[in-house]
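Protein chains: 2
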Amino acid sequence: MSERRSVDVPIGTPMSRDEFEAAIRAVGAERYHDKHPFHKLLHGGKLDKGQVQAWALNRYCYQDAVPRKDAALISRVHDRELRREWLHRVLDHDGLPPDEPGGIERWLVLTDGLGLDRDYVMSMKGALPATRFAVEAYARFVRERPLIESVASSLTELFAPSIHRARIAGMLENYDFISDDVLAYFKRRLTQAPRDATFALEHVKKNAKSLDEQEACVAAVGFKCDLLWAQLDALQHAYAEEGHIPPGAFVPQVK
Amino acid sequence: MSERRSVDVPIGTPMSRDEFEAAIRAVGAERYHDKHPFHKLLHGGKLDKGQVQAWALNRYCYQDAVPRKDAALISRVHDRELRREWLHRVLDHDGLPPDEPGGIERWLVLTDGLGLDRDYVMSMKGALPATRFAVEAYARFVRERPLIESVASSLTELFAPSIHRARIAGMLENYDFISDDVLAYFKRRLTQAPRDATFALEHVKKNAKSLDEQEACVAAVGFKCDLLWAQLDALQHAYAEEGHIPPGAFVPQVK
Chain R
0 MSERRSVDVP
10 IGTPMSRDEF
20 EAAIRAVGAE
30 RYHDKHPFHK
40 LLHGGKLDKG
50 QVQAWALNRY
60 CYQDAVPRKD
70 AALISRVHDR
80 ELRREWLHRV
90 LDHDGLPPDE
100 PGGIERWLVL
110 TDGLGLDRDY
120 VMSMKGALPA
130 TRFAVEAYAR
140 FVRERPLIES
150 VASSLTELFA
160 PSIHRARIAG
170 MLENYDFISD
180 DVLAYFKRRL
190 TQAPRDATFA
200 LEHVKKNAKS
210 LDEQEACVAA
220 VGFKCDLLWA
230 QLDALQHAYA
240 EEGHIPPGAF
250 VPQVK
Chain V
0 MSERRSVDVP
10 IGTPMSRDEF
20 EAAIRAVGAE
30 RYHDKHPFHK
40 LLHGGKLDKG
50 QVQAWALNRY
60 CYQDAVPRKD
70 AALISRVHDR
80 ELRREWLHRV
90 LDHDGLPPDE
100 PGGIERWLVL
110 TDGLGLDRDY
120 VMSMKGALPA
130 TRFAVEAYAR
140 FVRERPLIES
150 VASSLTELFA
160 PSIHRARIAG
170 MLENYDFISD
180 DVLAYFKRRL
190 TQAPRDATFA
200 LEHVKKNAKS
210 LDEQEACVAA
220 VGFKCDLLWA
230 QLDALQHAYA
240 EEGHIPPGAF
250 VPQVK
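The listed protein sequences derive, respectively, from chains R and V. All residue numbers for the first sequence refer to numbering that gives the first Met the number 0, where the first residue is 0 and numbers rise by one. All residue numbers for the second sequence refer to numbering that gives the first Met the number 0, where the first residue is 0 and numbers rise by one.
Be a bit skeptical, because a hint or two may be false.
Just so you know, same-sequence chains aren't split out, so a pair can sit in one copy or run between any two.
[Unchecked claim] Each computed SDA-like pair below joins lysine to any residue, with the alpha-carbon atoms no more than 20 Å apart:
1) K124 / H77
2) K204 / P128
3) K186 / D211
4) K45 / D116
5) K124 / R75
6) K124 / V76
In case anyone wonders, no lab produced these hints; they're calculated from the structure.
Chain R with its partners taken away, still in its complex shape:
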């Protein structure tokens, strides 16, 4: 049996705020979906138009879930300031009549630009079942888990700007069917995501006090990375390489 040395910090001592933030960021460094091979194909110009269509219409399901999960979070919050802050996220995605179309509308500009029928995209009938299960798992997590973990699950936005920049540059350079105007969604997210992520990170660092809460928040970021990754696994299995499209899912008609 190996000898043990006494340590300075008793078991169960919470992480310092810096250690906690580093633990959150380490999840992204290891597991955020910028590392997924499907994104390398997408950004590197290795997909044909039909495969990009499949990605965009599946990712629509995620867009569709985002305002619902953010409203679900707001519905649980008694702190008015937190609600007021979180409301920006719903506004960012759904927009506000009459002038702000919102992120979902911008996503539909992308699917329009890819030649997909808007009603078909919005029906989500062609989406992969695995996509729907993953995004609904997210909505359910936010509705059911302790509030601090629900907030923490949004923190993948810390890692989003670099993937959005890579996507804008890579898709513009590599696909003749992608033009600057259909990428408006990602350009807007370059400013929205850091604002939201900064607020949520400070909230989590301030309010997750015990080590258990901190570890649950780190796990929530891992859960979120898992569900983003699972969506790309499903896309890759169905549409990349030889392709195994499940019954009922979108079948590309163009190359």
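Got chain R sorted already, so can you dock chain V onto it with the hints?
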């Protein structure tokens, strides 16, 4: 056994839109809380300041629940246009930084004006348990019942402007501790409530198609009237007449 005559309309035929609207309005005519004796006391100048404080701090619990129930409704909606429309309700209550304080803030201006400590009001510690049970029953209804019924439960707003007008006039006239500026909440609701109610009524009339759905919507308006009435029953029992304040609830210190 009595003879039966054939009727023109087969059993189970949906109401016409006009009949449906009339059935909804009939619930208000019979059961809306403008008919509650406590409101007659409140508006008629028959309460002392401590009793008005009790009303205002209990009613704060309802204000606190409103944006949460509206966010819960949004969290269930896949129709983006309905979400965008409903979002106004959350904005109306929570406001939006930096310029719009929102209805809850305006309610706190009223409780400030009545001399209540803001932290005590917001803690809801002095509220009657019956108040809390009623407002949480509302939040739960909106979260759990079929969506069309959740929308319908908002339709008491059809009946709100007349009670708000009566309240503004009666309280200003009858209480020297009530000034025009602390009633800003009700003045704003005079324009907000009809806008929201008109939209919700049209939505319900259009989307409740079967007789069962229509009847469930009428019942939802009845449920909402019940929970408004129950709050006033609790106030009346605790604070009007001889008063039976339950343990732990607010005890007025002023007459």
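Discussion item. Which constraints among the numbered hints does this structure fail? Numbers only, ascending.
Written reply: Of the numbered hints, 2, 3 and 4 do not hold.
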